[in-house]
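Residue numbers (this note's numbering), protein chains in the order written: chain A, 1 to 547; chain B, 1 to 344; chain C, 1 to 356.
Hints listed in this document are in silico derivations from the structure and should not be mistaken for laboratory results.
Just a sample of chain A residues kept apart from chain B, beta carbon distances all over 12 Å, derived:
hint	residue
1	Y103
2	E135
3	R136
4	A161
5	R195
6	R216
7	S280
8	E282
9	D291
10	T391
Derived list of chain A stretches under chain C, where covered just means 3 residues or more per stretch with a C-beta under 8 Å from a C-beta of chain C:
hint	stretch
11	87 to 101
12	106 to 113
13	152 to 160
Quick reminder that beta carbons are idealized off the backbone N, C-alpha and C, glycines included.
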Amino acid sequence: MTMDPAAQVQPPATQQAGAAPILEMVHISKSFGGTQALEDVSLQLYSGEIHALLGENGAGKSTLIKIMTGIQQQDSGEMRIDGQQVRVASSQDAQRLGVAAIYQEPMIFPDLSVAENIFIGHTNRGKIVDRRRMEREAEAVLARLDVNLDVGEPARGLTLAEQQTVEIAKAISLDVRVLIMDEPTASLSAHEVRRLFRIVASLKRQGVAVLFISHRMEEVFEISDTITVLRDGRWISTLPRAEMTPALAIRQMVGREVRELFHREQREPGRVRLSVRDLSREGRFRNVSFDLRAGEVLGFAGLVGAGRTDVGLALFGVAPADSGVIELDGNAVTIGSPQAAMAMGIAYSTEDRRQLGLVLPLSISSNITLPSLPRFLNRAGLVKRYAERSTAEEFRERLRIRTPSVDAPTGSLSGGNQQKVVISKWLETNPQVLILDEPTRGIDVGAKVEVHQLIDELASKGMAIIMISSDMPEVLAMSDRVLVMREGRQMAIFDQRDATQERVLAAAMGQSDGDLTANSEPAAARATTVMDAEISGDTLAAGANRE
Amino acid sequence: MARDLLRRLRSWEGLLLLCLLVVLAYNISRVPNFLTIGNQINLFQLGIEKAIVILAMTFVIISGEIDLSVASMMGLSAAITAAAFEAGVPLPVAILLALSVGVGFGLINGYFVAVVGLSSLAVTLAGYIGFRGLARLLVQDRSVGDFPEWFTNLGQHGLIGPITLSIAIYFILAVLAIVVLHFSGLGRLTYVIGNSAPVARFSGVSVVRTRLIIFMMSGLIAALAGVLMTARLGAVRASTAEGFELDIITVVLLGGVSIFGGVGSMAGVLMATYLVLNLRNGLVIAGVTGNTQTGIIGLLLILSVLLPNLAARVRERLHRRQADAAVRHHQPPPGDTPWVTEPG
Amino acid sequence: MSNALLRRIRPEQFREVILFLVVIGLLVFFSFQINDYFNARSVNRLTTGLAIPLVVAVGQVLVVLTRNIDLSVSSVCGLSAYMVGTLLTRQNDLHPVLALVIAMLIGVVLGAINGLIVAYGGVPAIITTLGTLALYRVVLVEFSGARTVTTAELPDWMNDVPSATLASAGGYDLRLMVGIALVVVILGQLTLRYLPFGRRLYAIGSNPDAARTAGLPVRRDVFLAFTLSGMLAGLAGFMFLVRFGNITVTAAQGLELQVVAAVVVGGVNIFGGSGSMIGALLGVLMIEILQQSLLRWAGISEFVKDAILGLLILVAITADAVILGRLREMWVRVRRRDRELAQSVPADESGVVHGA
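Modelling step: build the complete structure from the supplied sequences, incorporating the hints.
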């Protein structure tokens, strides 16, 4: 058994022999409940270096950033700045230490001017606001970034890209030394990305260390000096860009542990239930087309923010599409509201079960009957308690919801059991088409297997299912076909036998399929062969050797 | 058994019950025959209109909104009844007119909140000022009276034995409110929307319709209370029911309904109603004037939100301290795989 | 709406411009309806009537900017008027300035109580100040024992102050009280524009989450806003005492509604983040003009006042949500298009590079 050769050659600590790193994360571990989000991760950031952080959804990137910026604290390990161990208990601490982060959704005060947005957090600017000086200085900061904005104008009118620029300017004005950019390009146009990169380049010249997170492979390879890959909360490799290739990066990112996954039987799907042609919604997704058959599970793969949930919301009428055709059993339909969708037999189980799926303080039974409440009312408008209870009991038994009573508040259940309640409430509406958005996110293994069994059972009874999931092994194991989206566009539809982790991820990241074909293995085969094995090292090494 | 009792007492309703017993004991000790029917009816009769509006306000606040305009609506409805009657409209028609204005303005409040999407606080603040203004416009600075005897008799004398019409209506409405809030579809949706309107939307529930119904109900009940008050007092001024919204909202919050919506029970609110009636009575016995009682109610209002907040904060702090301690003691063993820890 | 106009003026400023035009329109309308509308006595009465609500409105703006509301101001005003009045009847030789300071201190204490409960106790402002509106009034009732402060008991200088005039031209006076109110407005506007505290109030109301994330002292600032609102209500109480002399337990009752209405009508967003003292000034002016002119205008009774206030509030918040929302969208679009046009001019190749 060989280790990933690249990782062996370049252990992280020996990155640049001459200079000392500005910021070091040393053996950081962090767990939430039973899930290990980060395990023994180390990372060094150097002055004037653009360091890209790569990893699938859930690889631990966000947790690492949150620890660096003081939003969360590590369980073990330490953070060092200029070689000194530091404690970062809040975002203000991080700011003081010269560490700032820019997120996809900037934190802007729409009613304040651009200049004020830049300087509002400063405490040492005298007792009186000198607008002229502030605007001059704001202009100077923006000039350092080669950006021209009217600094006296309120921030309300700024585009997302401009708001990000303001955030960067804010960071610079605070003498930032480490700037973390979490998917800054996710919602920018090509032109805006160019401009952002010019800014990043000028920051680099000024000696700022930039940690750059992006799902766009070509951007990562264009801009970064160093690339670190995380997977499953663990450090995989840190390489200079010259020694990394997109294909290698993708191989290092995939290969999450797939053991204990449910294995589905192949079945012959029925007739076409739902047919979607060129479905689009301005600013969300474009030209999505697919057929969904009775008894079929269509997986929606892609990275977070690829527009998969938006397609689900459009099909459920929460945020309807503005163009395209939806046919249900051959009839063209318009879905303008959730009520309309439900009347057509479409159900959508949300990815955010705590905020959008469940009324946590209310009982399990009231949650289960909520969408079909009119059926549980008698003529006087009173709830038929007996019918409601027995329905809830049925689901409790069928889905094995673990609770002392169906009258217990839903919030008292574990994540997995809450998910079963969400699924129950939609099954009670007797849907023909069931859209499951991240059905197993944040639930434990046991419950996950049960949800998978349930999906299989529903499909075998003829239900048409769309399963949106960011869990790659799950998508591959559960789906008859896999639709891959990237940045609002449909990249590919794979049959199960053609779908491999590499191909799906490559499509999701906008890489061409060709340079990866050497490593394709049928997903089903993989799911069984790699059971319980330390697949990561093995398969990666195999891939690397073949290359 | 003892522990069970203790737990029950520690709940909000338990605390209410305890307060109620104390106040009741005080009243009984100071007034002979306090618990006789006659006394109890007098007790209710003094605040009966508020008690009626409290029932509707409970729905409004549980659904996550607020209606500051109820007291002004009561005044407006009284003014409409009086002005229309004065202008020669038969009294039953005048009453119907007042009730329909209540429904109409309730719907207008609901429209701006549910459809336009403005905050109920701002919308009903406008109603609070505006409805009172309309009442002033109608009766100006006069006192309009001279209603037919049957009307004032209904307000002042027993209908069924010593029980007045208002009290009868109150008890019917209270039973209705319990049934609707806790056993009907509308009541269920009230809780759902108060807890999370997005969940309701994502479950295909019509949030707009439910909100409209609740505000309409609030307007109607307030108008009804205004008419009943007219009958009881026999005279209408523009300032009729002025300041009642304070009492009404206070009792609802005191009854354990969360100002942020989604939490509360009719039992708690009914208990709080009875408590406040007794409290006011006790204060009268103790020689405290009506104005000062209002101040004490104001204080209660603040405390009924402040105390649970502070308690929650203390609990959170304790909890965090425990959690911190737990983290310190529980370092995960190295090499633990991410999947296997959490039990089903 | 023409784009050229949108390039010049921000949507928020539109509100003030429109309000200004409405005020002018009202004046013109009433001057045609009412004989001798602009006679010196009426104008003086109008300006004098402005002084007290104006001072209270300035404090209200500070609070409303942070997405809160202070309904207790009328009780604070009444309590301070009564307490200082009582003090002056007992100690006739108390220095006027000292009396003024005491009035403001009373306001500070009462406002700070509101601020503590809202900012640190987490109780919604509407609940808190609805409660203290009743509570402070009761303190007044208890304190007074339902007695009345009368003009006769007050020191003599009291009688001179209301008619004290700073400047006069052809019978049109600038009274001392109005002068004080204008100074408060100016100080308020300066605070909002030039003090970090003032700017933070906008930030807090504009995006409370971002304000917390940015490490702004949100709680302290909200507390301060309530305290200042109390202080100004205390000052207004002093002015109330000076103006009316006779102080009963119902002094200044209902003032809170007039002030909240004025602030909202004056374009201060009830959901925080935008508005100015100039807007509040225009709001107070408009309501005062309506009130006094309708009184003089035959056929309209004085009782219509509150109905109009309620309607004005509803119109103002709806206009704010609907029309201003549209205007903002248009404004954003126009500005963006302008910027894009500016960028499409090949500025990049022109050699403007600022490396550091």
